[in-house]
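Novice: Spelled out from the first residue to the last, the chains are:
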Amino acid sequence: MRDFNTSALGRWLACACLVAAPVIATADIPEGYPADYAALVAKAETEGSVVVYANTEHAAIEPIVEDFQKAFPKIRVDYIEIKAADLFSRVSSESAAGALKADMVWSSAMDLQYQMVEDGIAAEYVSPEKGAVPAWSNFGDKIYGITYEPVVMVYNSKLVSAEEMPDTRAGLASWLIANKQRMTGKVATYDPERSGLGFFAVSADAANGNALWPLVTAFGAVDTKFYTSTGTMLEKISAGEHAIGYNIIGPYAYLRAERDPNVKVVVPKDFTVVLSRLAIVTEKAQHPAAARVFLDYLLSHRGQTVVGNQAHLFAIRPDVEGSATIAGLSAEYGDILKPVKIGPELLDAIQPMQRLAFFRKWNDALKAGK
Amino acid sequence: MRNESWRNGVALLTALFILAPVGLIVWQSFLTDAFFSPRAGVTGATYGFVLDDPGFWDALRNTVVLSVGMVVIAVPLGSLLAFLMVRTDLPGRKWIEPAIFLPLFMSPMVLAFGYIVSIGPSGFWSVWWERLFGAPFWNVYSMPMLILVVGLSHVTHVYIYVSTALRTVPSDLEEAARVAGGSPLTVATKITLPLVWPSIAVSAVLVAFLGFELFGLPYVLGDQDGRMVLATYLYKFNTLLGRPAYQLMAVVVIFIMLITLPLVMLQRRMLRTAQRYSTIGGKATRAHLVPLGRWRWIAFAAVLLWLYAVVLLPLSGVMLRSVVTTWGPLVAVRDVLTWDNYAKLAEMPLIRRSIVNTVILAFVGGFASLCVYALIGLASHRSPLKTTRGLDFLVLLPRAMPGIVAGLVVFWIFLFVPVLKPFVASLAAMWVAYTLVWLPFGLRLVSTSFGQVGRELEEAAHVTGAGALRVARDVTLPLSRHGLMAAWLLAFLLYSREYSTGIFLMGQGNEVMGTMLVSLWNGGNIDVASSLAVVNTLVIGGGIALALRLGVRLDA
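Same order as they appear, the protein sequences are chains A and B. Numbered continuously in our numbering, the first sequence closes out at residue 370. Numbered continuously in our numbering, the second sequence closes out at residue 1556.
Please note that the accuracy of each hint is not assured.
[Unchecked claim] Subject to a maximum C-alpha distance of 30 Å in a straight line, what follows is the list of computed DSS-like cross-link-like pairs (lysine-lysine):
no., chain 1, residue 1, chain 2, residue 2
1, A, LYS142, A, LYS264
2, A, LYS367, A, LYS70
3, A, LYS370, A, LYS341
4, A, LYS74, B, LYS1094
5, A, LYS341, A, LYS361
6, A, LYS70, A, LYS142
7, B, LYS1421, A, LYS264
8, B, LYS1421, A, LYS284
9, A, LYS130, A, LYS361
10, A, LYS142, B, LYS1421
11, B, LYS1421, A, LYS158
12, A, LYS70, B, LYS1344
13, A, LYS158, A, LYS74
14, A, LYS341, A, LYS264
15, A, LYS341, A, LYS158
16, A, LYS284, A, LYS130
17, A, LYS284, A, LYS74
18, A, LYS341, A, LYS269
19, A, LYS180, A, LYS341
20, A, LYS284, A, LYS269
21, A, LYS74, B, LYS1386
Hints were generated in silico from the structure; no laboratory data involved.
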């Protein structure tokens, strides 16, 4: 924003905003926002658009963008969807060339998102909504968690009955061994080597105690199939090619369960890792005000209601009600939910040596079961 | 003495166009981090890392097997198909022709997914089979199946090359052989085959090349068992070490280039005598068809069987998936039928935009690429210069880069070359990447066609005072129009389903269908992905059928 204010155009616009402010102030600024927020909105409207690079699929984003457009008809959202690792490549390349187009980067790859903060790509911004979301969901006012997504197990109820489906890692491990013949080739999970998200989820499992490793050995015993995308796993579980999916990202699992009654979701009772899609506003944003307005909208009660109840991405704001919200989840599962801490420790997941050590342990555990 | 300096100019520009990305990859392969990163230092350890990884050797072995298998299956079948279509009285040729291109309409990822829905373990063809005959004998995820699928689905590539060549070969020789009592098979092997040999050789090398960078089919069908080929192995380095390890990806690309080098040499050897085969003479002849006799219906059945395997099987899978909420042996289709997937398609404004963009890029962009290929082709056509002959080798290099890498490298070039910077993330940048990636294919098609124009016709034009431009305009280009049309068609088809190349070059509002499809599919929205795939197939298929109906004819 500093660049903006010192440029001649910026000064001119700032003047224009000041003149316009009293008029716009009568328009609805949400309650509890600072008095000068109208000026920010006016500036955002002059900017006219916000460029968002993200990895959430279009179908989920559509209701959010639509509602934002209703709230701020003068700010267009240019939403560009790129897979997590490619998103990181694109942002870091553009940033190195001094040509970053994104005003906001929003991704479920929490580790890579934090790397961007570390690389100085994120701008500091205290959102007026900061007080309304859990304190742990933001770090240094540079990175904000927008969603609260449990990592779950999924099963096909035509192949495994509700009574026999285990709901803890230890339970699943021993049940798989006991039903080895029936379950051979029937279990699906992420390949941590080939999927960044898969690695992240499973290393969060490992960080929550020792329950993971016997399970990995059981995976080896039943010749588990390893995938790179949630979509394929859910599709094959739904079709009966696989019976059980482990470490499936919640929103996708629930959405699938809603459409296919045979697909059931199990929230692990020993502990459930919770991930969040993290957003940063970029330091070099070409539409800095619009990016901030969009972030505030995403965190606002109105935005979070859409995030949770229409996009089914699980709202992180406690005062939003519904099943796909932190409130709904906490009421049902309480203490077993283990949100991944947002902060510099996220970078541990992308240290090459740590990863290679993890893969060795993973492969040894798999082999032990074979 | 004619002025030949323009040839040098074109050769130089082409070399720059190819060597800039290749050079960037070589440089990147010796660094410890991204080339633009302040953390990057020089190292040779990257090569050691890849060579020490048993996964690399597995992937290499799989790739070689796949590539050889593809050539063995696709080249004979594609050549045979071309002969049947162009030279014989095979029944139903009119409607078979557009169908031949169908395997090229669908993104390989969707094609692979179609096979899973139709003949996978829960596939509906498998379920029928099981009911009638017991457990299926095939496994859709096995290596032999993968080879069969990629081999059969690349028959079309070979067909395009060989049929283009065949259409310019006069049929009087075949007729003479037939009058002398030769059976269709004898005519095909003794007369036709030698005449189109250069085109078959070229297509064999190109198919082998495609085998080396194949991504979509092995990615989907080899996913669950972690069976990798070089292109999917390379992709692993995007996530293996946390941040994308460009240096390791670059190393793998360089290995692919080195491995494909012998193929280039081989092609040169095979084409050394290509000039003997210039077959478009000054005399106009009418094509006569070889009567197949009793082979007629057998050939017809064989073509149908192939179409069944490469079109009906996967397409039926995708079409079925597009009208149900789920599938497999556990549900009855009538319980899960829905039109919702299409309704959802209509709700996404983006889809319309992506269709428009795809058509622009494939149709207009394809034509623009054709012009580029034709210019390069003309520059090296019958060129006495060493510079232009050096291009023979260079033009194959871009294809050693899998699409995703080529897209990333073009993105970097646009980003870090100041004059190009404003055009990054535009349709123009995407067009450049597509043109680069498909250069070997388009150019070969164009230049083999040029090669078949009789030298004496061009010489005659020269002698009567025409300059290089005039000769090209009035002699070479019109006489090789089959090749040019085929190159345009190929570009249109390949551009309209291309997905990986555009990932980094996508900007506001320039989404293309191929990329949309894959991101929907990866994002788990298989409902919409399959309905979009069907719409995509209909749009392209309809376009081709309309073009053929309106008189845009490959055999005109």
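Novice: All hints are to be evaluated individually against the structure, with a verdict given for each.
Specialist: Evaluated hints:
no.: 1; hint: A:LYS142 / A:LYS264; verdict: 37 Å, violated
no.: 2; hint: A:LYS367 / A:LYS70; verdict: 55 Å, violated
no.: 3; hint: A:LYS370 / A:LYS341; verdict: 34 Å, violated
no.: 4; hint: A:LYS74 / B:LYS1094; verdict: 54 Å, violated
no.: 5; hint: A:LYS341 / A:LYS361; verdict: 24 Å, holds
no.: 6; hint: A:LYS70 / A:LYS142; verdict: 27 Å, holds
no.: 7; hint: B:LYS1421 / A:LYS264; verdict: 49 Å, violated
no.: 8; hint: B:LYS1421 / A:LYS284; verdict: 16 Å, holds
no.: 9; hint: A:LYS130 / A:LYS361; verdict: 40 Å, violated
no.: 10; hint: A:LYS142 / B:LYS1421; verdict: 28 Å, holds
no.: 11; hint: B:LYS1421 / A:LYS158; verdict: 55 Å, violated
no.: 12; hint: A:LYS70 / B:LYS1344; verdict: 21 Å, holds
no.: 13; hint: A:LYS158 / A:LYS74; verdict: 50 Å, violated
no.: 14; hint: A:LYS341 / A:LYS264; verdict: 28 Å, holds
no.: 15; hint: A:LYS341 / A:LYS158; verdict: 37 Å, violated
no.: 16; hint: A:LYS284 / A:LYS130; verdict: 22 Å, holds
no.: 17; hint: A:LYS284 / A:LYS74; verdict: 22 Å, holds
no.: 18; hint: A:LYS341 / A:LYS269; verdict: 20 Å, holds
no.: 19; hint: A:LYS180 / A:LYS341; verdict: 36 Å, violated
no.: 20; hint: A:LYS284 / A:LYS269; verdict: 44 Å, violated
no.: 21; hint: A:LYS74 / B:LYS1386; verdict: 60 Å, violated
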